[in-house]
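Quick note: the sequence shown uses the working numbering, first residue 56, plus one each step.
Calculated directly from the structure, the hints in this document are not laboratory data.
Beta carbons: idealized from backbone N, C-alpha and C, even for Gly.
Take every hint as true, because none was put in to throw you off.
Derived Cβ-Cβ restraints for the label pairs, each shown as a range:
#1 L134 <-> E74: 24 to 34 Å
#2 G76 <-> T133: 27 to 37 Å
#3 L134 <-> G76: 28 to 38 Å
#4 T133 <-> E74: 31 to 41 Å
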Amino acid sequence: MNATEERMAAVLSTRFKVERGAIRPESAFGALRFDSLTLIELGLALEDEFGVAIEDGELTVSMTLHDAAELVETREATL
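Let the sequences and hints guide you as you build the complete structure.
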């Protein structure tokens, strides 16, 4: 995992109680049992962690941790 994925994994394990061993870059949020409401909460948590804007609906159940990390990194690059 890269640094962004590691920070996101820490958010998933501490704020959403996802078992750390289940979190991999290819882990889809749906496989981690996230629903649309949980994804909105995750978006807010990532906004707090990384200081970037994530709109409701940008994170989906089919998106992987790696996909979300790329989204965050793209947003960070435009700051």
